[in-house]
Amino acid sequence: MAAEENTPTRRALRMASMGAGAAGRYLTYILQRPFVGKTAGQRKLKSTHTRVARRMRDEMQALRGPAMKLGQTLSLQTGILPAETVAELASLQMEAPGMHPSLVRVQVKRSLGREPEEIFEKFTPEPFAAASLGQVHEATTREHKRVAVKIQYPGMRQTVENDFKWFRTVTKPAQASGHIPKAAIDELELQMLAETDYRLEADNIDFFRENLSPLSFVEVPKSFREYSSDKVLTMSFVRGHHLEQFLAQKPSQKLRDKLGTNLVDLFYFQLLKLGAFHADPHWGNYLLNGDATIGLVDFGCAKKLTPHALRYLKNVFLYPGSRHSPEFRRILESNYVAQGKKLPAAAYRALVSFAEKFYRNVYPPERNQHERFDFSDKTFLTDYMREATKLFRTKHVMPEYLFMARTEMGLYHTLHALKARVAMSDIVRKYL
Amino acid sequence: MATKSSSTSKTKSRPRKTKPAPGKRAQNKQVIRRRIVKSALNLFQTKGFATTTTKAIARKAGIAEGTVFNYFRSKEDIALSFFEEEVDHAIAAVRDNPRLRKAPLEEKLFTLVHSQLEYLAPYERFIGAALIHALNPASHLGPFSHRVQQLRHRYLAFVTELVEESAPKQQHSTISWLVPEAFWIYYLGVLLFWLYDSSEDKQHTLAFLDRSLHVGVSFLTNGRP
Chain A
1 MAAEENTPTR RALRMASMGA GAAGRYLTYI LQRPFVGKTA GQRKLKSTHT
51 RVARRMRDEM QALRGPAMKL GQTLSLQTGI LPAETVAELA SLQMEAPGMH
101 PSLVRVQVKR SLGREPEEIF EKFTPEPFAA ASLGQVHEAT TREHKRVAVK
151 IQYPGMRQTV ENDFKWFRTV TKPAQASGHI PKAAIDELEL QMLAETDYRL
201 EADNIDFFRE NLSPLSFVEV PKSFREYSSD KVLTMSFVRG HHLEQFLAQK
251 PSQKLRDKLG TNLVDLFYFQ LLKLGAFHAD PHWGNYLLNG DATIGLVDFG
301 CAKKLTPHAL RYLKNVFLYP GSRHSPEFRR ILESNYVAQG KKLPAAAYRA
351 LVSFAEKFYR NVYPPERNQH ERFDFSDKTF LTDYMREATK LFRTKHVMPE
401 YLFMARTEMG LYHTLHALKA RVAMSDIVRK YL
Chain B
1 MATKSSSTSK TKSRPRKTKP APGKRAQNKQ VIRRRIVKSA LNLFQTKGFA
51 TTTTKAIARK AGIAEGTVFN YFRSKEDIAL SFFEEEVDHA IAAVRDNPRL
101 RKAPLEEKLF TLVHSQLEYL APYERFIGAA LIHALNPASH LGPFSHRVQQ
151 LRHRYLAFVT ELVEESAPKQ QHSTISWLVP EAFWIYYLGV LLFWLYDSSE
201 DKQHTLAFLD RSLHVGVSFL TNGRP
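Line by line, the protein sequences are chains A and B.
Each residue of the first sequence is one higher than the one before, starting from 1 at the first, in this note's numbering.
Each residue of the second sequence is one higher than the one before, starting from 1 at the first, in this note's numbering.
Take the hints with a grain of salt, since some may be wrong.
Claimed, not checked - With a cut-off of at most 30 Å between alpha-carbon atoms, the simulated DSSO-like pairs for lysine-lysine come out as follows: (1) A:K122 x B:K102; (2) A:K430 x A:K258; (3) A:K109 x B:K75.
Calculated from the structure, these hints are not laboratory results.
So that you can see chain B by itself, here it is in the shape it has in the complex (with noise of 0.2 Å):
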């Protein structure tokens, strides 16, 4: 993932007398913004979403509360913003990838949704909340919500990009427009399966996310398991 901190500041030992560079109030800015997210997700984590406030979050920032409303319009807006994030980290982990350049589709997909949960572990209390949260039809989390419909179809189509890239079209069965629709569903699964998973380390969830990639990608490319 391309992070701030590629620019150069080395040059604190000379006093500067020009502004400072054009890129570093944006930096600034990104850095308060992942505090935010980070602190929300925090407390969202041990206190629970619906009882945590902006005011807290503020406090656990180390910013005053009006600052939060710079970047966010909630702590819906944060979450959200966290989960597109988490999409982001994961389209990157595949695409920025080199090893996976010439994976095949299962291990591409494994490797997505792999690192969506790992993104996702040290917020698992949060996470299974959410979910039940965004059964309310009028949540901002919710699945009518305009926000994270846009987010379901950039995480779809890039599934879909790389079912095509990895077959072209013609060899995939007759099934394959049915793609976003069903990994979506199996993407819920999985998310289910994960945080009902006791077995140590999760373990149980790496050997079922391999095994199903296994047979869904052979149903897939085949149109037979």
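Isolated chain A, as found in the complex (with noise of 0.2 Å):
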């Protein structure tokens, strides 16, 4: 595991906490909550009084995973944090506090009716990884697999739900104002409600497996439901490094463009083919090996496009013709007419410009470019957060594609930490 220091979570607050500071908006007092009292941490407080506060707080903030994830997700629209910021806090893991043995005894006893060492062969009391709301431990079935252990953190279910009543009452203003949308708001307590159900995690992985299985270079874990509730969740073992101990092999070029262009395959794979998608980017969910292959963890937070999004995106990417032109700006209507809205005229401008100015490069709709797109370079961040910074301020974004847009701003960074060199639109072609 990387050395404290080094933690993405470190890396992140000291970037919020940076960014925080540049701009006055409502979003800003959400993100300043959970991370700005780490930095004030390190001005040195003299009376243990104002100690022992700060240590209540920062108790309390532990339990407020749910909050930062929140924070997390809206970040990216309002543009108010510089583009590595928001692709950093994208791919950030809300983490619950860590259980000491007694305590995950007890919460699988309450769970499964016994005793983790009574119903496996081995359990080791001690976990080798955090989870989202949660921790992961190891051990044997009776069976002899060898199986992975998440078991989550008490009372995460109703701290979502606090947080959610506490969001919605500081975010009146925002959301009368259109900057939040009560819809973006709705959609996203569904999901991390449901991210707390266990057995919804289990139907996840199952999905994904039976799915993802013609992709050979993916493995997904096994689930095992009679070692499983909505609190427990036993899964095979999957091999595989963090993006950050993989790195640290300094694997060659070639390996980390034959995995970028897997991650991309995996993704588009999905979100084209299947019309769903693993939608927690956090780069712990993906086991990055030498032989290019990807280990995917972690199907708390899955989602489903409806057809109509799916046949939008399928018209929309790799469009060869002008993104100025009536046709292209009927597709991007047919989206909102398939919800009942009509495409206000920002909107169309900033999805324009988007298309122009970032897909266009990143995705040429050419047929005869097979150029591989270099991601070592941050300036197609920056295109992308600006751009998508433009979308978002026009307050009509479809509230499904906070999930996409959160995947996808995982998967640039992730690309961009490989400095890998992709041909995306080889690959997004063979599944239109």
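Reassemble the complex: the two chains are provided individually, in unrelated frames, and hints are given to aid placement.
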């Protein structure tokens, strides 16, 4: 595991606090609430009383994982943070506090009726990884299968509910002004509540295990229902390294290109072929291997696209003609019409600009171009953020796009970290 | 926990002429005693403490009312015995658990309080009522009764023991003399939190217990949180 100083969390905290001072919008407050405490903590506070208060607040914040994730998702909409920061935030994982072995035992016993040592042949009381909402332990089943057991920290569902109550209250003005659409909050709450039920995650695992089987370079775990419940999820062990560990081994450019290509292939296979995607872009969820295979874990956040959204994506991607043409406009409008809305002029302009200034560069539509896009230069991230911000500022973004944007950001960020070169259009074209 | 069933009693096929083993009588008494406590607690929980009579307890336990008085002086006496058992049970849960031998203080205290709550859980309604009842200065369950003080003393002595064995004395902060008093107030706080916790499976209490002990123990060992 990486040294403390270098955890993505720390880095993101630093970056967030740097950017948060830049603008004074509603969301600054939301972003600051979970993050700024740490920076303030750097300054030595003298009186014990203040320190007690600070510690209490940090502790409470430790329980506030969902609020952080919320701020993270919505930070995409505001443009108050620099592009790299938002990209980091997008792939940041919400972490619950750690559990000691006794609490783990209590939680498993309450959920499965027996203590982990009674259920498994072998159970390691210390976790080997943090997970969203809990932690993961290694174990061996009675059938001698090596498994990962994910255990949820107590009361996460209620914490999510409370966070949203609080969030809805403080964002009343932003909701009224349309800066944060109510539909987007509803969508987020629904999704995050779903993540607290590990049975739904087991459903997702089964779905992706079956449907991703055509991709030979992807490994999806197998769920063990008899050892799972809403707060405990047992699945087969998936091998691989986290991005940071992987990069520490100094992989060759060739390997990084191949992995980048596979990651993009995985994303568009899900998006355009399955119409459903693994929407938690935290890089801890992608386990990378030296043979360019990818282990996929943590299926708490999976998103399904509606048929019309899928059709829209297929039409809009790699659109060959001019993006100022009436036909392109009709395609853009169709997505709004399908939901009984009109495409406002501002949103139209932002979408065209996005298509021109970002997508055309990264995904050139011309059939004769097989050039690989080089993700090592961060200009593309800045472009993406600038265009996304313009779009989100029009306040007319479809709620379901929130999750897609987050996943897309996470993907770009990983590709940037890998310094990969990928022929984006060739991959997308396979699934149109 | 050490329980009664450890002695051998598999000789039923052969009729015995000798007197029952010396432990047998005591064992029988133990069984009846437990039956009375269990019946009483069930009634306290369902019918309420105030309205439950020793007669009803005897009927529920399937014994004569007079027999109850061979064991207990009053229903308050029964309730107190239950709380004594609860404390014994919780102390044993920490003491007799080999896994906790090298565990940090935080985890031991967690197990202690959690075992208490688990023991009390089937009688939640009664516990709430008993807390109110205990506020009456004349009550035998009240904080001024000698037996209650003794029980509290034993409980807090164990907590102090845990704190002391977790680190040499000089390593604790200057406030460690406060531990017993502070822990007692803390325990009552947890109990109240638990009683009013309406979250599913009382998950909030678990989180609260875990987080508050985390803060409390680091305050104790570092003199600051």
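These are the hints, each one checked on the structure:
no.: 1; hint: A:K122 x B:K102; result: holds (20 Å)
no.: 2; hint: A:K430 x A:K258; result: holds (17 Å)
no.: 3; hint: A:K109 x B:K75; result: violated (34 Å)
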